[in-house]
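J.: With chain D's structure known, arrange chain U on it following the hints.
So the sequence lines, in the order shown, correspond to chains D and U.
Everything in the first sequence is counted per UniProt numbering, starting at 1 for the first residue and increasing by one.
Everything in the second sequence is counted per UniProt numbering, starting at 1 for the first residue and increasing by one.
Do not rely on the hints blindly, as some may be mistaken.
Computed beta-carbon distance windows for the label pairs [said to hold, decoys possible]: (1) Lys82(U) - Asp315(D): 24 to 32 Å; (2) Pro157(U) - Asp315(D): 50 to 58 Å; (3) Glu235(D) - Glu189(U): 49 to 57 Å; (4) Pro62(D) - Thr83(U): 29 to 37 Å.
Hint data in this document are derived by calculation from the structure and do not stem from the laboratory.
Note that this is a predicted model, so its numbers are computed, not measured.
Heads up, the beta-carbon is just placed ideally off N, CA and C, and yes, glycines get one too.
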Amino acid sequence: MLKIFVTKDNLPNLVGRLMDGATVLGPVKEGEAHRFRPLKKAADLDLSYQNSRLSPKDLVHPHSDAMFAFSLKKDDPEAGILKELPRSADKRLVLGIRPCDAKAFRLVDVNFLTDTYRDPWWEARREATVLVGLGCSRPCRSCFCTAVGTGPFDETALDVLMTELEDGYLLKAVTEKGEALLRDAPQAEAATDERMQKAEGIAEEAARKISKPFVTEPIKDKPQTELFSAEFWEEVQFACINCGTCTYLCPTCWCFDIQDEVHGEEGVRLRLWDSCMFPLFTLHGSGHNPRNQKLQRVRQRFMHKFKYYVDKYGDGPACVGCGRCVQYCPVNIDIRRVVAMMSASCVCPT
Amino acid sequence: MPKVVTNDNPYLPHMGTIREIIQETPNIKTFRIVLDDPEEMAAFRFEPGQVGQLSVFGVGESTFVINSPPTRREYLQFSVMKTGEVTRALHRLSEGDPIGVRAPLGNSFPVDELKGKDILFVGGGIGMAPLRTLLLTMADRREEFGDITVIYGARSPQDLCYRYEFDEWKAAGVNLILTVDREFPGWEERVGFVPTVLAEEAPSPFNRVAITCGPPIMIKFVLAGLKELGYEDDQILTTLERRMKCGIGLCGRCNIGDTYVCVDGPVFSNTQLRRMVSEL
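Chain D extracted, bound-state conformation (with noise of 0.2 Å):
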């Protein structure tokens, strides 16, 4: 696959000629906190962050997405009926995105894009949409991707991986969308094996600063049983106050809700995030809750990320390890804490 080398003084050339052919959306710094935005000018790019606050998951799966239209009209003969909206899917480029945060599109398309039924807004936007991805040469302390299964120059969901060298960027195809981007690429140079063993250096590196702060091996072969039944779930979910922060940043957390919204005579039925948190998730009509209990909440997130999601589909686990959930939870709930929990746990018969 294609190899090319861009130094920084011509990325923005690079940059202004992806954005002719597509909308390219990178890491824009708003406030404090970068986030994924269609780029007006390639300046706007900021390659030197660290990560977004807001995983990039709403690219592909918004946090209100209105779905169908609807009129109610007394005397319209299509009163009622649903109108499906057009769906969003001009090409796109997601520019400097993280391994991690691309890695958690593939680990959502088992649930969206199944053998009986597929999801036409999620299929629709990721075949619009190209990654471009930054490896991460600087990852947090709060990173733990090399535990889950990927890593800071994982290249495995990218269409073409970036490693930031001094002074330029490395540019690896991945995949034929992705070397049909660089073919074309203004003022580019040839990736020496100079460049490129020094970017395997860095990748190295990157991937030694990591911590490994549990294995999952262990939490396959127990029964979801045992695990459920655990006694640690009463001291993991003392201090969750079910605010839904973790849910919401999570680049793998996909629930949504569905409804009916309606202004005047016209309505929509959107999707919007929703998340396991909250009671009223699972509330039923009759007013009995499956999951009433804050216990009964917590455990099923991390449940569903270490066991359920791997039992259902073999793979996974159903987390990247970016970290968004441990830098912003306001009690300091840790999941790499708890996933050594799940996996160190043993209910021994007594």
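T.: What follows is chain U alone, placed relative to chain D:
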């Protein structure tokens, strides 16, 4: 990514019209619905136990079992208890009103495996709805099944659904045992909770499958009662209820462990239930 199976939008309801509404009990109505496209209606196929999502435009969608049997296809029947926003809106609808239908969804009763067996239905209140589709399937294919006994209970006589067709069930050779929680003037059938009547009747587990649905507390005691009578886990079927949104296994809220009730259920054997995490 897995290969494309269909280009249809699985969230888009089929348009239907309410042909008939039956007031079953003070808070349960039955809706008989016909799909507007005659070709779609003629081509509609489902298995007993499968569910559908009904849409009230501007209010939302909820999941209900299709309680008419696949052997009778002039309309699709749903029974709805008034409990929340969508069900209240459904109860406000009139005959001739449009309604959205996404169906069939979920799994179904293993009808072929039940052939040649004696059957025991144990239902409580609105829980009779999922049993009705299978009961009428069996009534319409009567010679394929052995004894059919139904124990059906509700709080009071006026809380029993489908009263107008009890005679039809009996005429099809169904041994129908009705019970209500306490004495009522004019009530000449059994009095007592469903699990108590089950223990009194004690239908033999030999070559029999028990199928139960009702309020969670009833199911709990019925399962214990069946075990007492000698029923093995694989001789007991039930249908589970969960809050659902998408109905197609994507929105993530109806899971019990790695099982999604909307696509892997709603029908489960007790063998399956016992392997699941206890989060009913």
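J.: Does each hint fit the structure? Answer for all of them.
T.: Hints, verified against the model:
Here the CB-CB span from lysine 82(U) to aspartate 315(D) is close to 43 Å, at odds with the stated 24 to 32 Å. A hinted range of 50 to 58 Å holds for the C-beta pair proline 157(U) and aspartate 315(D), which are about 54 Å apart. In this structure the supplied range 49 to 57 Å holds for glutamate 235(D) paired with glutamate 189(U), their Cβ-Cβ distance being about 53 Å. Distance hint check for proline 62(D) and threonine 83(U): the Cβ-Cβ separation is about 31 Å, which falls inside the suggested range of 29 to 37 Å.
Checked against the numbered hints given earlier, this structure breaks only hint 1.
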